[in-house]
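Asks: Line by line, the protein sequences give chains A and B.
Just so you know, the first sequence maps onto residues 0 to 189 in numbering that gives the first Met the number 0.
Just so you know, the second sequence maps onto residues 0 to 151 in numbering that gives the first Met the number 0.
Be a bit skeptical, because a hint or two may be false.
What the hints assert, rightly or not - Footprint (simulated), chain A over chain B, 3 or more residues, beta carbon under 8 angstroms:
id	region
1	25-31
2	50-61
3	102-108
What the hints assert, rightly or not - Computed beta-carbon distance windows for the label pairs:
id	chain 1	residue 1	chain 2	residue 2	range
4	B	57	A	4	42 to 48 angstroms
5	B	55	A	67	33 to 39 angstroms
6	A	67	B	9	49 to 55 angstroms
7	B	17	A	180	18 to 24 angstroms
8	A	4	B	31	32 to 38 angstroms
9	B	55	A	8	33 to 39 angstroms
10	B	53	A	143	31 to 37 angstroms
11	A	143	B	17	50 to 56 angstroms
12	A	60	B	13	44 to 50 angstroms
Said to hold, decoys possible - Some residues of chain B that are not near chain A, with every Cβ distance over 10 angstroms (derived):
id	residue
13	45
14	74
15	77
16	98
17	125
18	127
19	140
20	143
To be clear, the hints were calculated from the coordinates, so they are not data collected in a lab.
Built from N, CA and C at the ideal position, the CB exists for glycine as well.
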Amino acid sequence: MEEERKLILSAKEGKEEAFGQLYDKYMPAIYRFIFLKVGGQKAQAEDICHEVFMNAWQNIKNFRFQGYPFSSWLYRIAGNAVIDYYRTKKVNVDIETVPEDVFARTASLGEKFDERLDLEKIQLCLKKLEPSYQDVLIMKFVEELSNKEIAAALEKTEGAVRVIQHRAIKQLKKHLEENGRQNIQTIKTA
Amino acid sequence: MEDKIFRQLKQLKAIEPNPLFVAGSRRTILALRKEEPVFAWLNLRMAGAMAGAVAMVAAAVFMFSGPSATTALASPEALNREFTGLNINVELKAIDYHQNVDQTVSLALSEISDNRVKHLNKNVLETESDNLNLNSSTSTSQVDDLLNKVIF
Numbered sequence: 000m001e002e003e004r005k006l007i008l009s010a011k012e013g014k015e016e017a018f019g020q021l022y023d024k025y026m027p028a029i030y031r032f033i034f035l036k037v038g039g040q041k042a043q044a045e046d047i048c049h050e051v052f053m054n055a056w057q058n059i060k061n062f063r064f065q066g067y068p069f070s071s072w073l074y075r076i077a078g079n080a081v082i083d084y085y086r087t088k089k090v091n092v093d094i095e096t097v098p099e100d101v102f103a104r105t106a107s108l109g110e111k112f113d114e115r116l117d118l119e120k121i122q123l124c125l126k127k128l129e130p131s132y133q134d135v136l137i138m139k140f141v142e143e144l145s146n147k148e149i150a151a152a153l154e155k156t157e158g159a160v161r162v163i164q165h166r167a168i169k170q171l172k173k174h175l176e177e178n179g180r181q182n183i184q185t186i187k188t189a
Numbered sequence: 000m001e002d003k004i005f006r007q008l009k010q011l012k013a014i015e016p017n018p019l020f021v022a023g024s025r026r027t028i029l030a031l032r033k034e035e036p037v038f039a040w041l042n043l044r045m046a047g048a049m050a051g052a053v054a055m056v057a058a059a060v061f062m063f064s065g066p067s068a069t070t071a072l073a074s075p076e077a078l079n080r081e082f083t084g085l086n087i088n089v090e091l092k093a094i095d096y097h098q099n100v101d102q103t104v105s106l107a108l109s110e111i112s113d114n115r116v117k118h119l120n121k122n123v124l125e126t127e128s129d130n131l132n133l134n135s136s137t138s139t140s141q142v143d144d145l146l147n148k149v150i151f
């Protein structure tokens, strides 16, 4: 933590090397967060991610240590960038269409066909959730952030985060069950 | 089922950005900031210099704009001296004149409209006018004689 503080202070002074280290540390997580939020659109995720870190680098001098980690600040920038993306581009992402390369990359974790299907299914259902539910589930279960970090990133209380988490899991479970039923019907009609 | 969901969510952590994109983006971002401080520094310096210059000009104007401007606020005597020179008396006379004019005009109007005043009564004036014999041949000497009779 102290090491990170030093890096942030150096970056605030304009030292590129320090910000470069922060970039290396947090870029994959922020990219993943954006990627899942934009429904697996690789090009859009890259553009937004680039914009987020450019914004962070230009504004790091305004960063203040207020008891929450640097990652929360980055997630907040990323969340706002995703909101802007949907607002300005008026994107209508077809949630049933997920690029194949997503699963090509995740294939290394489990070569089994069933596992890949499960991942595809959970990503589709995740996309169907409300934005705040997506945020909490991604931060909590994909990135394994603490409730305090999530609360800081979403500018909510820890209690509110727990409530959102509970509702999000419930809703995700419901979507997964519906998805399972639809698949069974598709197989039967075929 | 929840455990399965958590496990599947954790597996999404395997999503990684393209290394080529990461390298390119990193290079571009860090290069961008390198140029910026020069302009930021210049802007800051220029803004500071401008603010300083404006402050100095304002201070100079305040200090050298004459003693009346700076001392008038401080002493009542100076204020009195300043007011002596003003043409406030002229304005008071003008106010007095306007008040009198109003009173005179209103008096005249009331007299004109009032028929009870004899010398302005229209009927009286007309009667007197009828009684006048402008074609009378009475000479000046006759008038004098009559007056002498009346007086003595």
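Asks: For each hint, tell me whether it holds in the structure or not.
Replies: Hint by hint, here is what the structure shows:
no., hint, result
1, 25-31, "holds (count 5)"
2, 50-61, "violated (count 0)"
3, 102-108, "violated (count 0)"
4, B:57 <-> A:4: 42 to 48 angstroms, "holds, 44 angstroms"
5, B:55 <-> A:67: 33 to 39 angstroms, "violated, 44 angstroms"
6, A:67 <-> B:9: 49 to 55 angstroms, "violated, 24 angstroms"
7, B:17 <-> A:180: 18 to 24 angstroms, "violated, 36 angstroms"
8, A:4 <-> B:31: 32 to 38 angstroms, "violated, 24 angstroms"
9, B:55 <-> A:8: 33 to 39 angstroms, "holds, 36 angstroms"
10, B:53 <-> A:143: 31 to 37 angstroms, "violated, 55 angstroms"
11, A:143 <-> B:17: 50 to 56 angstroms, "violated, 23 angstroms"
12, A:60 <-> B:13: 44 to 50 angstroms, "violated, 35 angstroms"
13, 45, "holds, 19 angstroms"
14, 74, "holds, 50 angstroms"
15, 77, "holds, 51 angstroms"
16, 98, "holds, 68 angstroms"
17, 125, "holds, 95 angstroms"
18, 127, "holds, 99 angstroms"
19, 140, "holds, 120 angstroms"
20, 143, "holds, 117 angstroms"
Checked against the numbered hints listed earlier, the structure breaks hints 2, 3, 5, 6, 7, 8, 10, 11, 12; every other hint is satisfied.
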